[in-house]
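Colleague: Generate coordinates for the entire structure from the input sequences, incorporating the hints supplied.
From first to last, the protein sequence lines stand for chains A and B. Position 16 (the first sequence) corresponds to 16 in our numbering; numbering is contiguous. Position 318 (the second sequence) corresponds to 318 in our numbering; numbering is contiguous.
Don't read these hints as lab results, they were simulated from the structure. Treat the hints with caution; some may be incorrect.
The list treats identical chains as interchangeable, and a pair is accepted whether it falls inside one copy or across any two copies.
[Stated by the list, open to error] SDA-like mimics (lysine to any residue), calculated; alpha carbons at most 25 Å apart, straight line:
no.	residue 1	residue 2
1	Lys224	Ser58
2	Lys81	Pro29
3	Lys324	Phe236
4	Lys64	Arg270
Computed from a predicted model, the values in this text were never measured in an experiment.
There are 2 protein chains.
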Amino acid sequence: MMNKKVVLASRPQGEPTLQNFRFEESEIPEVKDGQVLLQTLFLSLDPYMRGRMNDTKSYVPPFKVGEELGGGTVAKVIASKNSKFTQGDVVSAFTGWQTHAISSGEGLQKLDASQAPLSTSLGVLGMPGLTAYTGLLTIGQPKTGETVVVAAATGPVGSAVGQISKIKGARAIGIAGGPEKCRALKDEFGFDVALDHRSSSFAAELKEACPKGIDVYFENVGGKVWEAVLPLLNNFARVPVCGLVSQYNASAPPSGPDQLPNVMFHILSRRLTLRGFIVSDFQDQLPQFHKDMTAWIQEGRMKYKEDFVDGLARAPEAFIGMLKGKNFGKLIVRL
Amino acid sequence: MMNKKVVLASRPQGEPTLQNFRFEESEIPEVKDGQVLLQTLFLSLDPYMRGRMNDTKSYVPPFKVGEELGGGTVAKVIASKNSKFTQGDVVSAFTGWQTHAISSGEGLQKLDASQAPLSTSLGVLGMPGLTAYTGLLTIGQPKTGETVVVAAATGPVGSAVGQISKIKGARAIGIAGGPEKCRALKDEFGFDVALDHRSSSFAAELKEACPKGIDVYFENVGGKVWEAVLPLLNNFARVPVCGLVSQYNASAPPSGPDQLPNVMFHILSRRLTLRGFIVSDFQDQLPQFHKDMTAWIQEGRMKYKEDFVDGLARAPEAFIGMLKGKNFGKLIVRL
Chain A
1 MMNKKVVLAS RPQGEPTLQN FRFEESEIPE VKDGQVLLQT LFLSLDPYMR
51 GRMNDTKSYV PPFKVGEELG GGTVAKVIAS KNSKFTQGDV VSAFTGWQTH
101 AISSGEGLQK LDASQAPLST SLGVLGMPGL TAYTGLLTIG QPKTGETVVV
151 AAATGPVGSA VGQISKIKGA RAIGIAGGPE KCRALKDEFG FDVALDHRSS
201 SFAAELKEAC PKGIDVYFEN VGGKVWEAVL PLLNNFARVP VCGLVSQYNA
251 SAPPSGPDQL PNVMFHILSR RLTLRGFIVS DFQDQLPQFH KDMTAWIQEG
301 RMKYKEDFVD GLARAPEAFI GMLKGKNFGK LIVRL
Chain B
1 MMNKKVVLAS RPQGEPTLQN FRFEESEIPE VKDGQVLLQT LFLSLDPYMR
51 GRMNDTKSYV PPFKVGEELG GGTVAKVIAS KNSKFTQGDV VSAFTGWQTH
101 AISSGEGLQK LDASQAPLST SLGVLGMPGL TAYTGLLTIG QPKTGETVVV
151 AAATGPVGSA VGQISKIKGA RAIGIAGGPE KCRALKDEFG FDVALDHRSS
201 SFAAELKEAC PKGIDVYFEN VGGKVWEAVL PLLNNFARVP VCGLVSQYNA
251 SAPPSGPDQL PNVMFHILSR RLTLRGFIVS DFQDQLPQFH KDMTAWIQEG
301 RMKYKEDFVD GLARAPEAFI GMLKGKNFGK LIVRL
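Modeller: Okay, here's the thing in structure tokens:
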């Protein structure tokens, strides 16, 4: 039996292209004692993967050229020589961009499809949901009546940030690209205001939407949204820095003027807190997150949206599109 | 009797010049019931005053053109119609750049010269000392064995930051301009390493001085020191943002490249915390500060250095020089 996989053919310079990916096949080795053989059902595509395609030191090691790309998955145990797993079990795993994988069982979590759809373990009940929950509540700390702003707001992190803000009594301003996504922000996710960052008067619209300023800006995009947010931040505003997706394809620093001194002045005079975090820093909050989020979903207070792409063959183009905002909801490859 | 004062003649564009200041005299009005007449003994000159000379919204309102400049002072009560004060009392006040002032008594704190030299209420036991104490301990939180970096390190804030870091068991790296100040950092203030920011190999020297990276950077200067510190910050490093004196005379944003995206990437990937603060935010820590600082001074663990300038007439040039780093220790005008 053959394993099909996507390997990193070369490191992208700026925007990734299809030439940076290569499909390979290899014989699946025999399952040894203690191991299980997994068949991938769902593969998660996430913006952080772009960072791992660069050869730079970061919080996770870079992908290696010529090896398969890593990523979170939902997989089925199709053979087991590990006493903890039986054939037919479905687990969350980190087996990456491939159809099959051998695993020692370490890090696998059994999933129960009767509790929640399996794919939600990659989104609202998985890493993106935990990212929103921990970054917003631990760093952002929204209070009743405060204003929270988040971009990429139909994505799995942004949509959870907005809805948790509402649950905590804050106003939620969501930013997305295009009228269809903006409609979803209000109609599906319950944001108070939806703004299209493609609008030529975006900064003015943001200002109008935040008459009492901004208390929490959940930073996951960087670039021009951050520039529009900065002058509106209130004294003692909090900025959890979770991602910078608008910057991930940049291959050189933008030309001037240098905005850093102005940002530092704002940090000082408005007593801002900017704090970066990685979801793994808050792994100890996983049980409470799971409890709260499951309850909110059951109560109808937490909606989620998934964007399925069928077949591993389409993963590279879906990933490239995601970095341009083409997905609509949590992007998942269904194998 | 006449009051002599220094008024803001015009707002500086970039570096202040003597033309931005004007000396005026006015008759001192009669002391009314409830009031005291104060004679200034010491006037504090501080970098934050430069910000107040601009007509921009900030955490304190701007100085008004044609009015006397504000500032912290030590003053003697020379006439009192307020039952809380008697002639001869010495108080800390905020009566600004003038020889005399009428006060309602509000905000005045009686000083006891037998406890500490009166001028220390403007420095190590006053606003700069409290700034160092609260920013370092509340935001910086240095731990045993960690590395703390501070610039303007012979100044009243920087020298206290370094010494409190040592008291807490951390390594202290001080940055100052010129060999004389660097000598004082090691010989008088007990920094582990002293670096001259004027050195052409400053960034390399900083790197060598911090073999285990930087855990706390107490930001009071901005500019090239911050740029040299950034790549050395460890995961979970803390950056209390207290001042940006190297930037205060800037009249326009510097030309590119734009360093902001790079800084945001560091905040994210190293999980940095940048937090701005103003000393008044931490006013509730004043009693504990006073207790700790007084004890440290008495134990010989907290040294301080004062740079006296004689006569109000010399205040403008002393202030202009301070923004260029010409003072050596807490800058105080002695009247």
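Colleague: Compare the structure with each hint and give your call.
Modeller: Hints versus structure:
no. : hint            : verdict
1   : Lys224 / Ser58  : both (24 Å within a copy, 23 Å between copies)
2   : Lys81 / Pro29   : within (13 Å within a copy, 96 Å between copies)
3   : Lys324 / Phe236 : neither (32 Å within a copy, 30 Å between copies)
4   : Lys64 / Arg270  : between (43 Å within a copy, 22 Å between copies)
When held up to the earlier numbered hints, the structure conflicts with hint 3 and nothing else.
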